[in-house]
Every structure is written in structure tokens, then in C-alpha cells.
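Colleague: Spelled out from the first residue to the last, the chains are:
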Amino acid sequence: MAQENYLNLKETELRLGLPGTDESEFIGCSAKNNKRASPESVDDSESKANSAAKSAEHETSSASKAQIVGWPPVRSYRKNNFQPKKVESETGMYVKVSMDGAPYLRKIDLKVYNGYLELLKALENMFKVSIGEYSEREGYKGSEFAPAYEDEDGDLMLVGDVPWDMLMSSCKRLRIVKVSEAKGLGCAV
Amino acid sequence: MQTDPNPNKSKDSPTNSDSTESTQSPSPFPDDVLGQVLSFLNSDKDRSSVSLVCKDWYNAERWTRTKLFIGNCYSVSPQIVATRFPKITSVTLKGKPRFSDFNLVPQNWGADVHYWLVMFAKVYPFLEELRLKRMKVSDESLELLATAFPGFRALSLMSCDGFSTDGLKAIATHCRNLTELDIQDTDMSDIDDFNGGWLSCFPENFGSLEVLNFASLDSEVNFDALERLVSRCKSLRVLKVNKSIMLDQLQRLLLQAPQLMELGTGSFQQELLPGQFGDLESAFSNCKNLQTLSGLWEVTSIYLPVLYAACASLTFLNLSYAALRSVEFGSLLAHCPNLRRLWVLDTVEDKGLEAVGSSCPLLEELRVFPADPYDQHLHSGVTESGFVAVSRGCSKLHYVLYFCRQMTNAAVATIVQYCPNFTHFRLCIMNPGRPDYLTNEPMDEAFGAVVKTCSKLQRLSVSGLLTDLTFEYIGKYAKNLETLSVAFAGSSDWGMQCVLEGCPKLRKLEIRDCPFGNAALLSGLEKYETMRSLWMSSCNVTITACQQLAREMPRLNVEGQDGMPHLLFSLFDRQDLLLPSLMLWSGTRAVKMAGEKQSELDHSFLLNENMRND
Chain L
1 MAQENYLNLK
11 ETELRLGLPG
21 TDESEFIGCS
31 AKNNKRASPE
41 SVDDSESKAN
51 SAAKSAEHET
61 SSASKAQIVG
71 WPPVRSYRKN
81 NFQPKKVESE
91 TGMYVKVSMD
101 GAPYLRKIDL
111 KVYNGYLELL
121 KALENMFKVS
131 IGEYSEREGY
141 KGSEFAPAYE
151 DEDGDLMLVG
161 DVPWDMLMSS
171 CKRLRIVKVS
181 EAKGLGCAV
Chain U
1 MQTDPNPNKS
11 KDSPTNSDST
21 ESTQSPSPFP
31 DDVLGQVLSF
41 LNSDKDRSSV
51 SLVCKDWYNA
61 ERWTRTKLFI
71 GNCYSVSPQI
81 VATRFPKITS
91 VTLKGKPRFS
101 DFNLVPQNWG
111 ADVHYWLVMF
121 AKVYPFLEEL
131 RLKRMKVSDE
141 SLELLATAFP
151 GFRALSLMSC
161 DGFSTDGLKA
171 IATHCRNLTE
181 LDIQDTDMSD
191 IDDFNGGWLS
201 CFPENFGSLE
211 VLNFASLDSE
221 VNFDALERLV
231 SRCKSLRVLK
241 VNKSIMLDQL
251 QRLLLQAPQL
261 MELGTGSFQQ
271 ELLPGQFGDL
281 ESAFSNCKNL
291 QTLSGLWEVT
301 SIYLPVLYAA
311 CASLTFLNLS
321 YAALRSVEFG
331 SLLAHCPNLR
341 RLWVLDTVED
351 KGLEAVGSSC
361 PLLEELRVFP
371 ADPYDQHLHS
381 GVTESGFVAV
391 SRGCSKLHYV
401 LYFCRQMTNA
411 AVATIVQYCP
421 NFTHFRLCIM
431 NPGRPDYLTN
441 EPMDEAFGAV
451 VKTCSKLQRL
461 SVSGLLTDLT
471 FEYIGKYAKN
481 LETLSVAFAG
491 SSDWGMQCVL
501 EGCPKLRKLE
511 IRDCPFGNAA
521 LLSGLEKYET
531 MRSLWMSSCN
541 VTITACQQLA
551 REMPRLNVEG
561 QDGMPHLLFS
571 LFDRQDLLLP
581 SLMLWSGTRA
591 VKMAGEKQSE
601 LDHSFLLNEN
611 MRND
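Chains L and U, in that order, are what the protein sequence lines are. The first sequence begins at 1 in UniProt numbering and counts up by one. The second sequence begins at 1 in UniProt numbering and counts up by one.
So that you can see chain U by itself, here it is in the shape it has in the complex:
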């Protein structure tokens, strides 16, 4: 988010004829033409660049921006946003750091959307779309959303928590124009009481849904209400149901919506009679437009064939909840020649990945998840040869997430030779600090090969036994790198320094359990202002260094987590303690304190001195 380059100019009109402040020549375009032209700009990066050209362009841009993207909800306050952008209809907000997915961030870290919604209700009553990721969303917030924005159309909640049935009921009841309700990856373990009656709250004359995804909501739903809803929504193109929906119910839904482009099935565990099997098969064969298929919980080899007829046009197949073995997986793949994206479990093993290499020449993205991440049997899952097999057959591969237990430098070098166009390379060797299992050397050369060969690399996750050499390579070669994740790696501060000095486009750096300390942290002072955020946990960073950082960089928010409840670090403490975790991000003020009660933020403390609202 670019800060206002000229905070004194008038903000109230789209044209600014106050030429006494302007030292630049007036724009050659009439303002309304400029506005028209700029309204075609969609990319945030372009818009930010435009806003820096001159005052007129800044103003024209801010009056024509309709989509707001905020990658870190604490990087800017709602007030600033509301003042600068008067015409927003679509908001995307991201909250907690990614490591909160892995329980590394305290529960009450923050990222509550409510105070944003309160501001939006005042300033953007015409808001249509809200997309949230890793934010806390209470039922009260959902109720506010449902009632304060009459034109509201699209709600997407990814990895959010804090809400229950009641909130969804409010959405269903009040949002008359809803086209999209997309709830992904909700961890239900914290939700005590969640029943499916919310689906019945859609009015009987409501039929505007195009996207309905409740796959991650773990509760029985009222099937009749769902079936009626699906039959009313003639434009429905995305339907992802949860595990409570059985196969015979799925078949009925498919009959109502053969036009679906994206389908998430329910559970495949039901025992079908032969007649039902045939019905299901023909229901699938009627879905001629299916591009995405997911769900497939507990699918077994017996039932996979019902899907075959629907797979011809599939471009995205998500089998990451289906423990398939290589043989049945291979048979399924033979029917999916157009796959671009594939998510699987490592139960398919290397043999299954060989089938990928031979059956999916158009593959661009592969994610292989571990079926049993804590499995002590080291012989299960996939190895380096599966990855090599895929790379050999799929030259268009550019996105990979690969969980394995063994890897070699040579294999990775081979992989990037076959696929030099990686933009996202996320390799997770599940045993921390594991070397090349054949040579017993560190995995430095593997990642060296990746960054040397893949010049378009934007995102990298490293693993295995790594010395500072890996980070030297990254700093030297990864010139397009934006996101780097590091765990149990590196030898000294030098490693982190190489990255901070060498990667010009670095935006997000997340580090855990590495021997990087204060010298490394303090080497990146100016760098941090160009980044979205830095996360370091279980490293060698101490409080004093963080205090120094906070002092020298007042525009950075520096937050530490002490990991212990009800224990406040005194800023005047004589001892210097290791900080269990640290997050820093740029922002014009310590926004975190602004909207939330101190008591809700027990585990974190901000080190900036400018901790007041203004």
C-alpha cells in the first residue's frame, strides 16, 4: 500500500485545480478522460504506480479504484483507506501470518475483521464483495455484513474462524443478491455448536447463487433445502458440498445441476446398489462442463469409475483427501488428459507419479501431500524418483508443492533441467535437517540449481540440511523471489543477510528454528519497509535487537510473542532474552492497537514507541 505522497492536498473532489501547491506541469488529459482511462486498470501494482506520477493522477486513480487489496490488515488503518478511496465495491483482506496455519501464532493474535466492517458500513454502503483470508470473523460481523450492505453479492472466507451457524444464517436470510458463498479450509475444531439449518434460511424465491462452497463445514445439512436451492439456482457453476452428503444425494444434486463447472463431492463411503451405481455414473456423464473436481472423501477403487465420463474436460483434480493407490490412480488419470492442476496424497507413491508423467502432458501444478505426516515408517510416500518422473513428462510444470522423506541434490538438478520454468518451488523434506540421502551432503546444491535455473522463481520453500551456502545462492540468483519460507536451516547470520541483501523483490520472509540472530535481523532495516512482513520464530533474536529495530525504524511495526500468557516483558529489563517469535511489517502507525482491546492481545506486544492512535 503506497502512502499518500502529498497529504496536504484537498481530498474532496476528483479534480484538483489548486495549482499553488503543484510544481509539476498540469496533466495533458482532461480529468474525466483520465478517469475513464484509469478505470480500466485492474492490477493493484499498476494502480500504485499510477498514483505516484503526480497529484492529478493520484486523485484520478483513487476515485476510480473499486477493488481494494490489503495483504496485511495491520499495515494500514481503515480510516486511511476510507479517506483515500471513496468508491470501493470489492475488498480483499488478509490477516494472520501464514505460520498460524501451523499453530505457531497465538490464538488471540488479532486480525478481527469487525472494525473494518464498521468503517465499511459507514463509507462503502454499496460494498459488493468481501474476500477474507486468515481473519477472525464473528457472527456479529457476519450479521453486520448481511444487513448493512444491500447490494452485497460475494463472500469468500478462506482459513477464517470465529463464526458459527448463526452468522451463516444471517447471510442466507438477508443477502438477497448473493451470488457467491465460498467457505474454504475452516478448522471446525474450535466451533462448538454448528448445525446445518442455515441452508434452509435462503428464501424460497432466492435463486441467484453461482458459487456455493461449504465443503469444510462439518455438519449435517438439510438435504431437501439444499436440493431445492440447487434446482432454483440456474446459474450455479460451483458446488462443493461437505462430507455429510452421500452418494445417492450427490446423484440427485447432479441431476439438478448438470451445468456445473466445479464440483466438490461429498463422501464416497456409501454402499451402492447396482442400480444406484448406474444412476451415479450417468449423472456424472451428463456433466459435460466439469473443469474442477474435489472432495472425494473415502473414495475407493470400486467407485472411481463413475467419475471417468466426467473427466474429459477436467483441468483441476483435487484428490488430496482420497487415499488412492497407484493402480487405481493411474486408471483415473488415463481419463484426464487435460489436467493442468493436480493435488494428490503420497499414497499414490512414485509409481502413481510416473503415471502423472505419462498421462498429463499439460500439467502446470502438482501438489503432493503426506497422508500420514507423523508416520514413522520411512518407506511410505513418495521419493525423489516420483518427482523426477513427473518433471520428465510434464514440461509445463511451474508450480510444485512436494512432501517427501528423502531427496538428493542430483534429482533436483535433473528436475529443474526438465522444468526450468518454476515460479513456485516448495519442497518439504519432512525430517528436519535431512541431508542428501545418497551422498550425505547438505541439500545446498539442490536449491542452488533451482535458483540458478529458474529465473522466474517467485516463491521458494526450502528444507533438508542446509548451510549458509543455500542462502548465498538465493541472494545471488533469485532476483524475482517474492516469498521465502525457511525452517531448520542455515549456519549463521550470514545466510539471512545474503537473502536480505540479494533479493530485490522479496516481500514475505518466514523463518523458524534457524540460527539467525540479531546481526542478521538488523542487517535488513531498509529492506523491511519494502516487504509485506517478516516472521522469525525460535531463532536467536533477542529483545534488545528488536527494541533497537523499533527505535530506528518508526514506520515498522515490530511485534514479539513471548509465548507465555500473562507475562509482560518490561522494556526496561536488564536482561536480554531470546524472543520466541517476532513479526514485523511496515505500516504508517501501530495499527494493531487501534481497533482492538489490549486484553485480547495477551501474547503479543508491540515494541514501537508510537503506540497511540491519531
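Here chain L stands alone, though its shape is the one from the complex:
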């Protein structure tokens, strides 16, 4: 019945005004909600359609979920007071990584790693090589590859000699070198 009333309304253009002045001011609300229900005949199929529509909506892309007001139910105090450590901040520190003999270069974000151990493991995984163990005296032992980087002066440096923070600030690109070419870096082969 309500459906009929709705359809019978003249001037279905949006108008706002106080009740008693004109009947059509409620269109704004319904247009916003896009939901109408007739009170007397709660149509089973209609409500099922509604809930089906809802669940279809819920299974779609997660991007829309972020827009749901008040969901997930985390208090605003909690949301406003916690800044999660962003794994990839907007200004990530991406550097090119090349490997001798590889057909193309890769790029990694240095900020993701907490130190040399993580970085080297990542490089090993990325290039499917074994890099060996670092020692101050001998560089990288036990492998034919060694990690090196280009610093701000353009010099090729062995990874691991300086504190991690210093590497982060001076590294311009990474290079995994074949050890036989790295004699000049002080590795004893």
C-alpha cells in the first residue's frame, strides 16, 4: 500500500520542507536509503532479496567495507590513539638490486627490513642464491656471491661494514656480485 502512495505522489523531485507544507519532502530520505518496505505485507521475497543483496554486497571487494560507518566496532578513542607502525610508509626507500648474470633488476624497500639479517635473507630468497656468512675480516664466506651497494659517492661497498642506519641513509642501489669479481673488496676467496 505504501508503494502505491509513493508512486502516486506528484512532484517526485527532491524537496525539503517542514511536514504539513508539502508531501514530497520525504523523497530525500528514501532516495538516500534506497530501501522501501510496505508495512502490512512484509514480502518474504522482498526481504530475502534485501538480505541477499546485503550479503552480495558484503562479499564484494573489501574496498567498500572500509566505508561502512562504525565497522569494525573499534572505539574512536582507540582508533585515534593508535598509529600502527606502517610496514610500507608512503615514502618507502626503494633501491634497485642487480645481480651479476641476472637478466633484469629488482627493486626492494629497505624500510621493510629491521637489519642486515632480514635484508640478506630477502635477497637470498629473491635471487635464489646463497650469500654466506659475514665476517669483518673476510667479508662473505661460503658462497660465490656477496652483497654490495653503491653509496652516495658512487663507490661500490660491501654490505655489512657499517651500522644498519648508516646503510639506510647512504645506500643508493644494491648489487649482488660474483665473488670472483669482488677481490678488490677485501674478500679472501
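The hints are simulated quantities; they were obtained by calculation from the structure and are not laboratory data. From the three backbone atoms N, C-alpha and C, an ideal C-beta is built for every residue, glycine too. Hints are not guaranteed to be accurate.
As the list claims (entries may be wrong) - Only some residues are given here: those of chain U computed to face chain L with a beta carbon under 7 Å:
hint, residue
1, Asp187
2, Pro373
3, Met430
Starting from the known structure of chain L, arrange chain U on it as the hints suggest.
Modeller: Just chain U now, with coordinates in the frame of chain L:
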């Protein structure tokens, strides 16, 4: 709140010798003995029962009640309260519905404490304690509180708003006997100007504080004033500072107050010199009585070890603002064998929860919050296996709040087998309507297992893809359930009807985005009078049904929010519109209009016809 069973009897004296109205035999106890006995009763439920026995007992109870608890500030008027209870020294008042925490309630919904305070100033000048939750508290109210009650001792504001520096200054300046100032979860985003000078307003000879919590107040404080205050307050047992307090300052505070039982640290972001690190470590090791530890903003793995020495007696550890990873979290836990309550972020992941299972055999409460609730990377956070791991190791677990992105029916069934004593089970699968990710079935059987196994369940929050079957289970088995939260769930009116018909102890029902409509709403008419409140938003309830409800149940307050400013629904409207949200609660009158100006309540309207004060 029980209504007066005999409104005609005299209210002015503790003894009522007017036997013409009494049809019951007189009480065998002399009145003063009865009064003495009843003064030992603390529980509100007991007192309510006592007051219903007979007139004499009603009177004796009301003259001996000193603590007032009002779960919904609009369920009763201050006048009624003042008339019935002459001797109140402690008041607890709760205001807005819980969904206001999630921005589902209009800003100016109400719950202003001021008109209560005005009444209290007249009737309870000896008021000592005030505890407010989700109420609007203006500076004017705080000033009234500070000046009208000479014996005032304890103020607790949880999730309240509307006040600023000036109000706190008044409290600090005038409350000479203050023992407790506890401000929790204040959302500072609405407060424009908030500076920390209020701490300096405590007089130099003031030293009575036992509880000081300003952790959620986001502003610099005068550290010297704070340090002096802490050193003067020899009985201080709870100190929770805000993020502006740095580690070296914390260390100085700890030196002044090694007796602390509850500590909320400031920020852990400062870079310490080695000497400072040692000082901080030894300051913590001197805190032998620490039971609760919180704050820990920006704490990193490097600084966690300073806490170790203080953790032996810890029973409550709140790491919900510290993004710890599993390894450092596990190391910390190894030092906390006595934990009963643990709040963490899901950055600790399942591995961290496995550590909980193995290190915390006494654990009773676990809350896992999402570090990044809108994170699109579905692989972060905790899963069902973390929850299972905790339940396997912590048989005493009875309270859980768990935010996750995936869950299975089988996992929940396993969890409640290990922990059948849940009283509070709040599971939030963050993607609305998500099924069991392994079987793709609805999560009905999960919650079915919970209600079938956990007979003591008082509070339940459901999530995931749920059909009416979940609610059938709840109605059939959850006989002790008092609070139920439902979102994006259910298939039809039948679901809600099952709950309304089946749960005898239901007090609070909050529903959003469910396909429950008028038939469901109207099936609970008598039920609503026994409940504190019902909230429904973005469901299929229409105005006509609410009008009918309001007509048939005059003792219910039925309030709708239209969601649009300056738009009033005409009660004579021919159309029947969906109501964006609805709240109803029982009360003897439409109290909401009584204390507040109509213009302040733009977004809500009451459907009751009895909208006058009397």
C-alpha cells in the same frame, strides 16, 4: 530500577506506622534492626528484591541505600530518584547507547549530566562519588560538582565528552578531599583547546589522591607539578599518565611512587642513553606491587626488558597501544606468569597467541584488537588458530574479545570444548557476512556451540555469515544471556523473535544492519519492559510499527533517529518510511524531554504521546 509499588504511602519517615493501608502482617523486625541488616546489602539486584517484599522493607531499603546505579539515565527522572532515596553518597550514571562509540548515534543525542547534578546539589549535598559513562559533561557541570559538594572524593569519567581544561581546573582547585580522578577513553578530537595547566591547580598542601588517570587526555602537562603532586600523595596506588610523559620523566615518577599498584606509562619513544636505561630498569624493579600495566605507547623491543623486573606480580597487562611482534611479545610474557587479563594488538599474530597459551595458565580474560581495522591485506592479524592455541593453554579463560578476519565453525567448537566457562564471548570477524572460510558455510554452528556449551554466558557478540539458525540456537540455549550484539546477520524476523522469546534474562539488545522488521519488533512488546534497552539501526523497521509500539506500551520510550538534520517526521504522514535507527527503553515517563531543550535533540524524536513532564 523498580518502580514504587505503593506510591501513596508516606515517604517522610523511616518507620511507617500507618497500618490502615497495610494488608500484610507487620515485619517481625524492629525497624532499626531491619535498617542495620539492610545496610549490609550492596548489590542493587538484592536491594531491588528486598524493596518488593513489603512496604516496611521498601522503606527500610530506601533509607539505607547509599549507592545509586542507573544504567540508562533516561529510564528515570532525577526527581523520582531524589524522592525515593534520601541518603545517596555514590552515583553511577550511564548515558548514550553503546553504539555511540562507533558513531552510530547522532552527536546531540543527549545524556547531559547537568540536570542530574542540579538535583543532587539540592538533595545530596553530601555526595562523595560520581561515576559516569558515555555522558555529556560540560565544564559548567564540573564546576558545579567541584563547588556544591564539600565532601566530594571520587570522580570517574569513562567515554564522556563535553569538558575541557577549565572543568578539570575547577575539580583540582576545589575538591579538597579528592581521592580519585579517573578519566578514561576521552575522544579528544572534539576538544579544541586543552592544555595541561590543570595539574598545577592542586593546592600545594593537597595529598589525598589515590587514583590519578589522565592517560586519554592529549596534552602536555606541567611535569614539575605532576612530580610534586605524586610525591605528596603517599597513598597513590593508581597512576596513569598520558603520551606527553617521556621515559626519563616516568623514571622520576616511579622513584616517587614505588608503591604503585597500577601504572599507565607514557610514551616509550624516547632515545635513552645507557645510563638512563639502567635507571629506568631499576625504577621498575623497585615497583614490587605492580598489578596492572598499561600505556606503553610506541614501545619497541629494545625497551621492553626494562619492564621485566616489575612483571612478576602483574595480573593485568594492557598492550593494546603497543604494536609488538610475536618474538618480543613472547619474551615479555615469559616474565608474567600471574596474568589474569591481557589486552593485545593483533600484530602479535597467532604465534604470539601460542605464547599466551603456554605462558599464562591463569589467564581469565583476553582481548585482541585490530592494529589496522581497515587493512586490506588479508594476511595480517590473528586467525582461528591463535584463538584455539590460547583456549588450549588457558582453561580458566572466560572473557574474550577477538577481532579476526577468518574463523571456522570447527575452531570455535574446539575453543569452547577447552573453555566451557565463557561468560563473555565477543567475536568480531571483521569482514561482514563472512562464512566459515574452509567450508564456506554460515557460522551458525560456531555460535550454536558457544551457547550450547557455555551455560554461564552473559554477553555475546556475533559476526560472520549467520542465518536465523544462530538466533534459534541463542533463544533455545542462552538462558543466562543478558547482552547481545548483532551486526550484518540473520535472514528474517524469525531470528529476532527467537531471541526475544527465548532469552529470559536479556537486558540489552543492539542490532545493526540486519533484516529484522516490524513483525520482529512487535513480537517483543512485554519483553521490552524487562530490558534496559533495545537498539536497532539500518534494519527493516518502519515508523508505523514504532508508532504502534509506542501506543501499546505507554511505559516504553520509543525514540527514532531520522538521520537527517532539521527534518521532522510528521506523525500523520501517510507514507511508511524505514526508520534509520530506533532505540527503546523502559521508563515511567518520557524522561528525555524533561531536562533538555528540544533544539538540542534535533535528530531524535520520541513517539510516545505522553511527552509532558509532570
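Colleague: Next step is simple, just say for each hint if it's right about the structure.
Modeller: Against the structure, the hints:
no. : hint   : in the structure
1   : Asp187 : holds, 5 Å
2   : Pro373 : holds, 5 Å
3   : Met430 : holds, 5 Å
In summary, this structure violates none of the numbered hints.
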